[in-house]
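Asker: Following the hints, position chain B against chain A.
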Amino acid sequence: MNGRLILKDGTVFEGTGFGKTRPVAGEVVFATGMVGYPESLTDPSYKGQILVMTYPLVGSYGVPDRGSWESRSIKALGLIVSNYIDTPSHHSSKRTLRQWLEAENIPALEVKDTRALTKKLRTEGVSLAKIVFGRDIKFSDPNERNLVADVSTKKVIQEGSGRKTVVLVDCGVKQNIVAELLKRKVRVITVPWNYNIFEKKLCFDGILFSNGPGDPKMATDTIALARTAMEKRIPILGICLGNQILTLAAGGDTYKLRFGHRGQNHGAILVGTKKCYLTTQNHGFSIKRVPKGFRPWFINANDQTNEGIIHEKLPFMSVQFHPESHPGPLDTGWIFDEFLKQIK
Amino acid sequence: MIVNPKKILVLGSGALKIGEAGEFDYSGSQAMKALKEEKIKIILINPNIATIQTSPLLADEIYFLPVTPYFVEKVIARERPDGILLSFGGQTALNCGLALHRKGILKKYRVRVLGTPVEAIVLTEDRQKFADHLTKLGISVPKSKAATTLPAAVNIAKSIGYPVMVRAAYALGGQKSGMARNRPELEALARGALAIAPQILVEKYLHHYKELEYEVVRDAYDNCITVCNMENMDPLGIHTGDSIVVAPSQTLTNDEYHLLREASQKIVRSLGIVGECNVQYAVNPRPTSPRRSSVGQANPRFEFEVIEVNARLSRSSALASKATGYPLAYVAAKLALGKSLLDVQNQVTKVTRSFFEPSLDYVVVKIPRWDLEKFRGAEEKIGSAMKSVGEVMAIGRTFEEAIQKGVRMLGGRVQGVADNRFPDDKKTILRYLSIPTPKRLFALAESMRRGVSIKEIYKLTGIDPWFLHRIKNIVDHEQVLAKIKKKGLSKLFFLKLKQLGFSDRRIARILDIPDEDVTELRRKMKIRPSVFQIDTLAGEIPAKTNYLYLTYNGSHHDVKPLGPRSVIVLGSGPYHIGSSVEFDWSAVATALALPEYGRQSIIINCNPETVSTDYDMSERLYFDELSFETVSEIYDFENPEGLVVSVGGQRPNNLAPRLAAIGAKILGTSAENIDRAEDRNKFSALLDRLSIPQPRWNSFTDMQEAKQFASTVRYPVLVRPSYVLSGSAMSVCYNERELELFIEKATTLNKTHPVTISKFFTGAREIEFDAVAQKGRIQIYAISEHIENAGVHSGDATIVYPTQRVYASTERRIQKIAKDLARELEITGPINIQFLVKDNKVYVIEANLRASRTFPFLSKATRFNFAEVIVASFYGKARRIEIPYPDYAVVKSPQFSFARLAGADPLLHVEMSSTGEVACFGDTAEEALLKSIYASVPLSDKKAVLLSLGGAVNKKKFLEHAQMLYRAGYKIYATDTTCDFLNENNISSRKVYKVQENRKLNVLEFINQKKVAFVVNLTERDPEEQQALSPKITDGQLIRRAAVDNNIPLFTDLQLARSFVKALTTYKLDDLKIKSWNEYQGQNL
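Protein chains in written order, with this note's numbering: chain A, 12 to 355; chain B, 415 to 1499.
Pulled out of the complex, with its shape left as it was, chain A reads as follows:
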């Protein structure tokens, strides 16, 4: 069925539908990774967003079972590709992408010129957008909602066992962050974004503030939690949204990028060295001002934006990129080791 992607400025991209024919409205963003559509679609950071894949062929290896997913369901609002492949070939494929999208009630369009769309978003910035099939609906700005509350866990989950215990504050966590911790023999307690761990008398050695969708300034409870943790000098690791939360908690500031970083090929330079790491990125907000007591840890090799901060003396650190990858390169898994080293 034919559908349309309509941007806030009225631009229309005609396309052919291949998922659920249901209208949706949110924000449209593009991602430049060439593999990993199951991981991306289930990444809670895409909550409220229509995802445009710049790589034109999507669906090629079908949909694997939940093991490769980043959460229990598709979190992206909709999907735009240039050439949908309905004949996947892979031993791990359980169904086609179309079947999955339909089952999860997610609309998708095949829009031939995704490059024109990408260039528009690049020059004019991310835009509100909607996918419609016939009947029109209103635009809706996901950033006005507290998206973190939407995707965060509702209950406390305990997993793994080990000498060290880490509280994982779930702002929309990717499951591979949990997996990376478990792999390192850590006991993980996943808690909701606004769960007051200090009142609940949990026993733990460090806190990890996860990735998540939307404007970090909406997550006021999480920021307050981070502030308390810093006062108590508990080792902290922030990832993506967590980087922004730590920054805000420590008195720094964040801002919205014009078109964000969403890809698997961004270089992050370890400040003060000639070392550079290839990272996965998925963020629309960035650090404007590094808080007092902290120094820049990483910067982006291309546009020099901040990619992480680390405290001069205390065990607080955070990165803007995704050390857990999935999708993307496995170059920065050592960040988890670095964090766990801070826990004696």
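Everything labelled a hint here was simulated from the structure, so no lab data went into it.
All the pointers check out, no bait thrown in.
Okay, derived cross-link-like pairs now, DSSO-like style, lysine-lysine, Cα gap no bigger than 27 Å in a straight line:
no., chain 1, residue 1, chain 2, residue 2
1, B, K450, A, K285
2, A, K105, B, K886
3, A, K131, B, K910
4, A, K130, B, K974
5, B, K1405, B, K1425
6, A, K194, B, K680
7, A, K130, B, K764
8, B, K958, A, K130
9, B, K869, A, K105
10, A, K130, B, K910
11, A, K267, B, K764
12, B, K447, A, K285
13, B, K1121, B, K1096
14, A, K352, B, K680
15, A, K285, B, K453
16, B, K680, A, K286
17, A, K286, B, K764
18, B, K522, B, K1487
19, B, K873, A, K105
20, A, K31, B, K910
21, A, K299, B, K764
22, B, K912, A, K131
23, B, K680, A, K196
24, A, K194, B, K550
25, A, K285, B, K680
26, B, K974, A, K131
27, B, K940, A, K130
28, A, K196, B, K550
29, A, K131, B, K958
30, A, K285, B, K764
31, B, K912, A, K130
32, A, K131, B, K764
33, A, K285, B, K420
Just so we're clear, the structure is a prediction, and the values are computed from it rather than from any experiment.
Answerer: For chain B alone, coordinates are given in the frame of chain A:
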């Protein structure tokens, strides 16, 4: 870590050959560009005179000398460079560098190997040690063991279990590798491999595994990136050079993609690579032990093995560069100087750094080009030893679009993957599926059309169903089109066909209407291609790139037209027999000369091995088809001043009439005059009118008339059928019986398929005349001469400049004829005329109104850039140049690749079979000849030769030269009557016996012992007719094949053999002067 060399020696790869082709002109050129920016003095050794890297714009000093330890050491001693680059000249440069390292020469002269340390290279080149190294890293390699003897190989195979794979160590392009299902197959393979390598590897054969490659870059600060991954459509077992390859991979999940990436980087780090490295993997498509997993607890079943690592720039890295826009060789050269990936700017975006991994928003398909039908007797089957001579790369936004483009790029005749001429016989098609050959891609489509299931095709081919489904999609659409006919063709469906890569011509054929009608309808429906950029970042960041392609999967253009100050230069397409790097040189030199006349150059080409497809060689690069449809679409879009069709070989030249017909402006000689030279009938009439002699010829549709003509002009005659059933496109017939047999067996003779017969002169000399004219007046010319007599294709001939044996009166006659032809054809631009000289009479064989194969050779031999004169002539700015007679000589020798083509007879004939060429300078023609032979064959210093001189004439004519060898202390072995003849003439020689004589030592056993430095095998006369007609293999054929299989130089032409022996016995190795190009031409002295 930063090293500051002032003078760097770069080693080239020599002549183009199968397994080592144009890609090293690209990598060497890029490396030199990178060095030049750092103001480093560059010394280049490369005898490949047709390359762009051997141009003054890149290197400071160029030595046209063999890339062998002896010559390189001499150059090092003279030039005293402080650094050397080994990884930009293929296996040739690498092997030479390793030898210099082992001999302590680099240490002696304090030459630092820049980039990857030698130890790492040594490790990767030793298969057993490298396998052990990887195992230690925890990376799996196929179960294997090295053997140095045949019995050892048999034992290893037994312990691993059949089928097994056999590979030769230190061999380029998988030479002598293959799969053995049983002991006899193993023995045959192992024997062949041990003949060329001291060590072979016997390993587990991985049936129907996927094959993947990663291109990795690392700097001296341990920053490591993976620029590109590629997936072979053909499963493991077919050499990657002979595989259809796509980029990026299509059937890998995120985990698989990144686990292979991680493994690649682990390997590269463990080796300490600084620069570029290629890692090849085999991946099990159906791994065992399934496991269930919960969210985020990925437990991917994944089994992979490392197949090969190349610690240097390779064919794949050239492809990866073009596929992504990431200039791998340029960056690798910078890193070799100690720079970091963060220091080097992204050459495409000019705003980002080189530390990133390109993100593609298109798909790339590479298809090899084989020319197996050009080699008599060569096996059609392809496998783990590379046989292709060139390749194309196609870019599209769907796989279908890319692969259909690619198929058309190959030769221009086949219009798509479903366009084939398989016989109506299912058995034949199934055979073509199960036995890999160049035709397999087409067999896929044909079998689908006949209802063979994807499952079955997968079982037979091992090609991943993903690819099969895409091809099926093309077949399905074609079948729908055939049903709906023209009136049913909606805009939507038409657009869909274009998005799936259908050409107008293919659609026209299916609808059975003229091409023009389809194009007209398409344009009326406003279905036009979009011009897209390759920007390395999938549009994420604005890029200043001029690297473009066309797609129908778009609705906008990334660039604006350049307009009337631009000029389109058409490149040559894939390299193949008869069209190689020499045309790339002409195209690049033309593009570079255009700015001087205020013009912006636009190159169109589709060959990833070229320098012309480096985006900094032109103002704009379209990596796209050289078809009429594509070129005219680009012409329409760009609205340029005009097109240059005369510098890319025959392919662009052929487009001239159709382009002119739609009003496109052809720069230089008019399309009408090009046609007058191309059309045999028109040209012949023109020669007659100008009273220019030509060998008598005529076309025949009747055997009786043909015979009558042949006996009137007297045998031998050259016969060229217009329709070829099998085998050669032409042949020389010496008598009526041969004529009858050739025509009956090799062709069909009827009204629509006439045969052209022309008088063939024996013992005639062939002369090349190359010139550039302006408005019918010749502005610059050069005359060169073949060493071989007429009958050897000019591309296979040894050519000397200046002429050595041509009378002044003959030269004057040649000049007069050329002048008349240039005037008559109103030539502006290049012209090449081939002359025959017999009994002091000059005949014209053919004229080409385009830059010929000899253009770069002559431009460099004379130091006058003919391409610059071509461009000047377009603008009326060419001035007459009188080239002074040189006090040196230059000889160009062909390079053959027979060793890689099992079964092919290395005998030269009227059809071309060389894959490349070299040329060297000397104070005399003899010195130059000897150097150029050293540069094209591995001549050992053994003081023994094998002579096999067929027929009384050859014996007599070679006698003096046999004497020379004898006097020079060569031990002479000879076959049968040759031996008797020599002994009778007081040249003591030892007899080796014929194969069928069943006596020790027979000639094959003898050659296998590798006792001789070279073999001279002269046949009484070109016996190809008998061979083509009788299946019996002659002794001569066995001798030639054995020489080639044992890597022993072989001479089959009397004139060349004589010249060579004279040169060899006149000059000692020490006498060969080590002089740079500048020194020969008296510059910078």
